[in-house]
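J.: Chains as they are written, first to last, in UniProt numbering: chain D, 1 to 172; chain W, 1 to 317.
Check each hint, because a few of them may be wrong.
[Unchecked claim] In silico EDC-like pairs for lysine to aspartate or glutamate, Cα to Cα no more than 20 angstroms straight-line:
hint	chain 1	residue 1	chain 2	residue 2
1	D	104	W	228
2	W	199	D	153
3	W	216	W	228
4	W	146	D	84
5	D	92	W	228
6	W	199	D	101
Hints were generated in silico from the structure; no laboratory data involved.
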Amino acid sequence: MRKQIITTLLLLIASVATFAQSGKQKQADKATEEWRYEIECAGVGTDGTYLIKVWSYSKKPIIAITQAKKNAVHGIIFKGFSGDGRGCTSQKPMATNTNIEAEKADFFDLFFEDGGKYMKFVSESSDGNVDASDRMKVGKEYKIGVIVSVSKDALRRDLEAAGIIRGLSSGF
Amino acid sequence: MRKITTKIFAILAILIVSLSYAQAKKPTIMVVPSDVWCNQNGYMMVFDNQGTTVKIPDYKRAFQENSDLLAVISKINGLMAERGFPLKNMESVVKTLESESAENAMLTSKSGAGVVESPIDKLKKVAKADIIIQLTWTLNSTGPKKSITFNLQGLDSYTDKQIATATGTGAPSFSVELPVLLEESVLAHIDNFNVSIQKHFDDMFENGREIIIRVKKFDSWTGDLEKEYDGKELSTILEDWMAANSVKGRYNTSDATENMMLFEQVRIPLFDANGKAIDARGFAKNLQDFLKKSPYVIPNKLMMKGLGQAVIVLGEK
Numbered sequence: 001m002r003k004q005i006i007t008t009l010l011l012l013i014a015s016v017a018t019f020a021q022s023g024k025q026k027q028a029d030k031a032t033e034e035w036r037y038e039i040e041c042a043g044v045g046t047d048g049t050y051l052i053k054v055w056s057y058s059k060k061p062i063i064a065i066t067q068a069k070k071n072a073v074h075g076i077i078f079k080g081f082s083g084d085g086r087g088c089t090s091q092k093p094m095a096t097n098t099n100i101e102a103e104k105a106d107f108f109d110l111f112f113e114d115g116g117k118y119m120k121f122v123s124e125s126s127d128g129n130v131d132a133s134d135r136m137k138v139g140k141e142y143k144i145g146v147i148v149s150v151s152k153d154a155l156r157r158d159l160e161a162a163g164i165i166r167g168l169s170s171g172f
Numbered sequence: 001m002r003k004i005t006t007k008i009f010a011i012l013a014i015l016i017v018s019l020s021y022a023q024a025k026k027p028t029i030m031v032v033p034s035d036v037w038c039n040q041n042g043y044m045m046v047f048d049n050q051g052t053t054v055k056i057p058d059y060k061r062a063f064q065e066n067s068d069l070l071a072v073i074s075k076i077n078g079l080m081a082e083r084g085f086p087l088k089n090m091e092s093v094v095k096t097l098e099s100e101s102a103e104n105a106m107l108t109s110k111s112g113a114g115v116v117e118s119p120i121d122k123l124k125k126v127a128k129a130d131i132i133i134q135l136t137w138t139l140n141s142t143g144p145k146k147s148i149t150f151n152l153q154g155l156d157s158y159t160d161k162q163i164a165t166a167t168g169t170g171a172p173s174f175s176v177e178l179p180v181l182l183e184e185s186v187l188a189h190i191d192n193f194n195v196s197i198q199k200h201f202d203d204m205f206e207n208g209r210e211i212i213i214r215v216k217k218f219d220s221w222t223g224d225l226e227k228e229y230d231g232k233e234l235s236t237i238l239e240d241w242m243a244a245n246s247v248k249g250r251y252n253t254s255d256a257t258e259n260m261m262l263f264e265q266v267r268i269p270l271f272d273a274n275g276k277a278i279d280a281r282g283f284a285k286n287l288q289d290f291l292k293k294s295p296y297v298i299p300n301k302l303m304m305k306g307l308g309q310a311v312i313v314l315g316e317k
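Given the sequences, and given the hints that come with them, work out the whole structure.
T.: The structure is reproduced here in structure tokens:
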């Protein structure tokens, strides 16, 4: 009897923790959709890549770190990023149509789902290690800055092939 | 009856297929070092034009002597080719023009006839493209630190408008060599430049290609642009034609006298009524035919310059 109670309690705790985690993940996704993240240039990337620092918000630092990848790709497609005026150049967003996110919602829902295709184009450059100065507590949340590298040429080719953005030679 | 129906369906199918694959005329793009860069680096030819010193860029010598220029142009060409838009290589264009001139000079028929080349033909034989990417960079030095100020300007050869730009100064460095700084500059700026070009193309697909049309007259023609047909001056008739045939009636009459008219910012459709891709010449051909017909019956000569400029000279062929 006691064994059964302990097992039930353990299962309950595990499921509560899972729900809490998925709730936090949903919050992070909502923050991404609401453009609640910041991107800045972190250096000149190798040919075909952008090296950027993404600041993400979450109550759980680990979620902010994983969400950084999603925010990085989201930002490069829709938002662009600023430079620092010391060699780092500001970049405009890939999508020139400002309504593309709503117009192609079906595509982007799948693209940005957890473990979605966006993962193909982004990698963390610091192996998940966050510098102490890039980890801040803002109210009840953490604001965490992660440096990531985005394969922008491959990303652009993929979006062009899917008909989401126009290529330079489209129509000619 | 059945045979005729089948034929009609076949023709319709061919027409639909050809229309669905219709592609607009693709502009050519070429990277050209700017006059400022050529002047700063000593690649200029100096002439005395009746007492006035005139400087002209010596592109051939620049390509032969400056390996940094070659590297930058090669990098830009490579990146644009990756984007599916290969550029004209200016060095090759200059060489082709030279070899063609030599071939024309030597070419004779079996009877000994040579190739005809009018002064206008000779004038037109220059390296050209529909869009010029004007390239400038300056090496800045502050003590031992070096940095590059990089400037790319996309210029429409016909409308003279700047349609794209990307400019900025790179991070200063003590040790990095010039070719590396230049490569970094190209990588840092090419995407923003392409975004501007893309916007220009998007605008072109939405509002039509922007061109210039000039109307002139030969001195042998007795009429002029003030000549009246059914109580309307020819210049007004031309303006009416422009309003009726340009996209959304968009055009500007920038200059008009009895001898010439200049229509700027004329937006022409990318395809004609049959779905065939057209350029300035194709558009002006319709005006040429319109003027040849009654009640005007004005013989005229049509000349073109690339995709975006056409000249109609009234009075003779």
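J.: Would you mind marking each hint as holding or not holding in the structure?
T.: For each hint, the structure was consulted:
Between the alpha carbons of residue 104 of chain D and residue 228 of chain W the distance comes to roughly 56 angstroms, so the proposed pair goes past 20 angstroms and is violated. Proximity of residue 199 of chain W to residue 153 of chain D is assessed by CA-CA distance (about 18 angstroms); at most 20 angstroms being required, the pair is judged to hold. The hinted pair formed by residue 216 of chain W and residue 228 of chain W meets the criterion: a straight-line CA distance of about 17 angstroms does not exceed 20 angstroms. The straight-line distance between the Cα atoms of residue 146 of chain W and residue 84 of chain D is roughly 18 angstroms, inside the 20 angstroms bound, and the hint therefore holds.
For the suggested pair residue 92 of chain D and residue 228 of chain W, the alpha carbons sit about 54 angstroms apart, so the restraint of at most 20 angstroms is broken. For the proposed pair residue 199 of chain W and residue 101 of chain D, the alpha carbon gap of about 18 angstroms is at most 20 angstroms, so the pair holds.
Against the hints set out earlier in the document, violations occur for numbers 1 and 5.
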